[in-house]
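K.L.:
Letter by letter, the chains look like this.
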Amino acid sequence: MHPLARMILHRLALGLLTLFVISLVIFMAIELLPGDLAEEVLGQSATPETVAAFRRELGLDLPAWQRYLSWLGGMVQGDFGMSLANNRPIVDLLASRLGNTLFLAAYAAVISVPLALCLGLLAALYRGSWFDRLVNVVTLTSISFPEYFVAYILLLFLSVRTGIFPSIADFGNDAGFGTMIYRTFLPAITLVLVVTAHMMRMTRAAIINLLAQPYIEMARLKGASPARVILRHALPNALAPIINVVALNLAYLITGVVIVEVVFVYPGLGQLMVDSVAKRDIPLVQACCLIFAAIYILLNLSADVFAIATNPRLMHRK
Amino acid sequence: MTKPLLSIRNLHIQGRQDAGWQPIINGVNLDLNKGEVLGLIGESGAGKSTLGLAAMGYCRDGTRISQGTVTFDGMELLSLPERRRRRLRGARIAYVAQSAAAYFNPAHTLMKQFTEAPVDIHHIESQADAERHGRELYAQLRLPNPAEIGFRYPHQVSGGQLQRAMTAMAMACKPDLIIFDEPTTALDVTTQIEVLAAIRDAVRDIGTAAIYITHDLAVVAQMADRIKVLLRGDEIEEQPTRDMLANPQEEYSKSLWAVRQFRSEPNPEPAADECPVLRVAGISAEYVRDQPVLRNVSFDIHKGRTIAVVGESGSGKSTAARVITGLLPASKGRIELNGNVLPERLAQRSKDQLRQMQMIYQMADTALNPKQTIREIIGRPIQFYLGLRGRERDEKVRDLLTSIEMEPDRFIDRLPGELSGGQKQRIGIARALAAEPQFIICDEVTSALDQLVAEDILRLLKRLQNERGLAYMFITHDLATVRAIADHVVVMQNGEVMEQGSRDQMFTPPHHPYTKLLLSSVAEMDPDWLDHTLEQRKKAQTDVDN
Chain A
0 MHPLARMILH RLALGLLTLF VISLVIFMAI ELLPGDLAEE VLGQSATPET
50 VAAFRRELGL DLPAWQRYLS WLGGMVQGDF GMSLANNRPI VDLLASRLGN
100 TLFLAAYAAV ISVPLALCLG LLAALYRGSW FDRLVNVVTL TSISFPEYFV
150 AYILLLFLSV RTGIFPSIAD FGNDAGFGTM IYRTFLPAIT LVLVVTAHMM
200 RMTRAAIINL LAQPYIEMAR LKGASPARVI LRHALPNALA PIINVVALNL
250 AYLITGVVIV EVVFVYPGLG QLMVDSVAKR DIPLVQACCL IFAAIYILLN
300 LSADVFAIAT NPRLMHRK
Chain B
0 MTKPLLSIRN LHIQGRQDAG WQPIINGVNL DLNKGEVLGL IGESGAGKST
50 LGLAAMGYCR DGTRISQGTV TFDGMELLSL PERRRRRLRG ARIAYVAQSA
100 AAYFNPAHTL MKQFTEAPVD IHHIESQADA ERHGRELYAQ LRLPNPAEIG
150 FRYPHQVSGG QLQRAMTAMA MACKPDLIIF DEPTTALDVT TQIEVLAAIR
200 DAVRDIGTAA IYITHDLAVV AQMADRIKVL LRGDEIEEQP TRDMLANPQE
250 EYSKSLWAVR QFRSEPNPEP AADECPVLRV AGISAEYVRD QPVLRNVSFD
300 IHKGRTIAVV GESGSGKSTA ARVITGLLPA SKGRIELNGN VLPERLAQRS
350 KDQLRQMQMI YQMADTALNP KQTIREIIGR PIQFYLGLRG RERDEKVRDL
400 LTSIEMEPDR FIDRLPGELS GGQKQRIGIA RALAAEPQFI ICDEVTSALD
450 QLVAEDILRL LKRLQNERGL AYMFITHDLA TVRAIADHVV VMQNGEVMEQ
500 GSRDQMFTPP HHPYTKLLLS SVAEMDPDWL DHTLEQRKKA QTDVDN
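Sequence order for the protein chains is A and B. Position 16 of the first sequence, counted from 1, bears residue number 15 in numbering that gives the first Met the number 0, the numbering being contiguous throughout. Position 253 of the second sequence, counted from 1, bears residue number 252 in numbering that gives the first Met the number 0, the numbering being contiguous throughout.
Warning: the hint list may mix true and false statements.
As the list claims (entries may be wrong) - Taking lysine to any residue pairs in the SDA-like style, the calculated list, with each CA pair at most 20 Å apart, reads:
1) B:K111 <-> A:P225
2) B:K395 <-> B:I411
3) B:K111 <-> A:R312
4) B:K111 <-> A:L238
5) B:K111 <-> A:L313
To be verified - Distance ranges between label pairs, derived from CB positions:
6) B:T189 <-> A:A293: 53 to 59 Å
7) A:F144 <-> B:S125: 40 to 46 Å
8) A:R132 <-> B:D398: 54 to 60 Å
9) B:N465 <-> A:P213: 41 to 47 Å
10) B:W256 <-> A:P240: 46 to 52 Å
11) A:R132 <-> B:R83: 28 to 34 Å
12) A:P2 <-> B:D530: 44 to 50 Å
For the record, the hints were derived by calculation from the structure and aren't laboratory data. Cβ coordinates follow ideal geometry from the N, Cα and C atoms, glycine included.
Taking the hints into account, I'd like the entire structure generated from these sequences.
P.N.:
Next comes the structure, spelled out in structure tokens:
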């Protein structure tokens, strides 16, 4: 078998193991929450009989390990259980919300990743110049403000004062692609401003870190231009750290956008999770946690695979 | 008279140090004609590399040319715009670096890096032509499998091959001038001779001029038409090679020539029934199961004597040291200290057994903790092994510093970063002595040092041996060191002992074939040595074939 394929399988198996451990952690954390789920849901006025009946219906009278096994068993088969708040299958609730979240994340990523890489490369090329400083100051400023502040500033100027973009990002169920892009522009730009600095600075640092290497001097002594030195000689050796930081930021775009979704009233997964915590909809919270964990693991795994695939030392053994 | 190809006049180069600028090169002049080879010789810090790069109009970060001119083929490089200088680099002036492994980009194949200058940067050849040219040069430089080796990445090729591939890369655009910066220093002697011959033939074939930078006189004698000696940025003298070798004028040049003469008095042979300090008995060892890197290695080391373990990289000499110190448990055989079998693993050995055996390392730079003062570095083993503290400990540190010829008051509170290479190596010796050992392993202790400094270190070790009755195990690939200090020599190849005996036995024929190859590969100060040696080998080969 090709070593890369074997490595991917190996990492996938490790990822599944990690996911299993995380499912245990999530379940135990929820077990530790104070109060009784049935009493919370039914309220103070419920009679002991109805509470007991409801507990039986939810399986809460069973020992914890049995409930964990049946929950895990359902998950493996794609059955996430029923939502307590509105009695609909959790899968249906998740499907549309997850799609929305992925759309917004992809939107922000398509802008921010190329932007960050280009700015990082240019900053490395013209390091120490006014351009380098300007890029650093602007990106650092944008990352230093809290997300909701950036979001509200954008809302104030681009929506409330000028009315160019809508303040509510929800585009309903059957909007066209253009409408989707237009309505989610503000949350996407907020996210771009938040994640670009991190990736751009890592690109710049990874490249500059390599400029003292002897093979960079060799490239210069062969007459290569500064742009060629950076693109052909430094960048291929700087890919591993860049890929890793890109993957971390992509994971953040999917799992860490709760605040932006709330500010722009965007029906994403983050908002769903916050709502279900408030409503004590425990099965839904568990499912959201597990999906976030799976996305994190998957992105980190792809980062590892890409980093190895771009390293000839690991791809072409002696 | 025709104009020289390269002409450097009154060149001054400075390097940034703390707040100010320190001189590196002080007003050097240099002329080089078409097709001529100039040898630049001097110790580290003499400014050889800086001068070589300046011939390309190139300054490393943190250095600047403050005065002077560099004229190449009628163009004054220093006043040209950077864009014009780039057009010359790689195309008409090329550079071959000391450590090819570091100077090749790990992300690209050899061929891609070969064709970069002629195809992508200077646009003088098509990709297909450049690749064909590359394969021809690979063949000319006697690289194995020249049609295929270009597809490899640098980490897949050995050091000697990379060095030749780098020479090929420098010749890709058929330059008028090549700067060779210590191109064979990092190689084993048996590899060095091949690379030297390949470089010399290739330079002759394309008729390029060259500046050959090295600290090794014997090497430069084979390559250069003229030799220029540098000392701390000043030119000492310049003469045609034969005159320089026969009759160096200046004191400094003479001292460089004299270094190779150091010989210690051999220690007396041990009595037949004397118990050796250390006995290595039939050791085999492996890193990967069933792939032994040491096979049945045996030798004895007696009190007050020096044993030299010689071999090329990969011969297993450092692995032998790892087994003796317990870092790598042997798969077969045993180690005895004063007649008692030592536990295999480091962790099972007693403090006293550990104390008896100390090490001195090749790179004093990395072997000393840069954040600790000399007092802490030497004081730590004194406290650990001898249990001395406070004033007693300090007293002992001072004694040791005195015995390694460093003034205690001046050095005791310094950090390693403030010391020279030779001084750092002395601290490494003092640290080993602090444990009051019987036996010290010296792993290539002089190979990172200049010849004059290395000789001082050897003298110091010899004196300490006489005073304290120390037994040394010298691991080295340098036969000059062996000749200088060893009582007993062990020759290793591919993890096996090929031959062992006293120093006199090893350096007088008849030799084991591998010992003979090693001995004949050591460059000599005779400018005809390379031709003679190659001729003899060719003849021997044809004799074998017939």
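K.L.:
Confirm or reject each hint.
P.N.:
Okay, the hints, checked on the actual structure:
Distance check on the hinted pair: B:K111 and A:P225 sit about 19 Å apart at the alpha-carbon level, within 20 Å; holds. Only pairs whose Cα atoms come within 20 Å are accepted, and B:K395 paired with B:I411 is accepted, the gap being roughly 12 Å. Proposed proximity of B:K111 and A:R312 is supported: the alpha carbons are some 16 Å apart, at most 20 Å. For the hint linking B:K111 to A:L238, the alpha-carbon distance of about 19 Å falls within 20 Å, and the restraint holds.
The straight-line distance between the Cα atoms of B:K111 and A:L313 is roughly 19 Å, inside the 20 Å bound, and the hint therefore holds. Between B:T189 and A:A293 the Cβ separation comes to about 57 Å, which falls inside the hinted range of 53 to 59 Å. The supplied range of 40 to 46 Å is broken by A:F144 and B:S125, whose beta-carbon atoms lie about 54 Å from each other. A hinted range of 54 to 60 Å for the beta carbons of A:R132 and B:D398 is consistent with their spacing of about 56 Å.
The hint said 41 to 47 Å for the Cβ distance between B:N465 and A:P213, and at roughly 42 Å that hint holds. Separation of B:W256 from A:P240 is about 50 Å and conforms to the stated range, judged on CB atoms against 46 to 52 Å. Hint check: A:R132 to B:R83, Cβ distance near 30 Å, so the stated range 28 to 34 Å holds. Between A:P2 and B:D530 the beta carbons are some 47 Å apart, a value that agrees with the proposed interval 44 to 50 Å.
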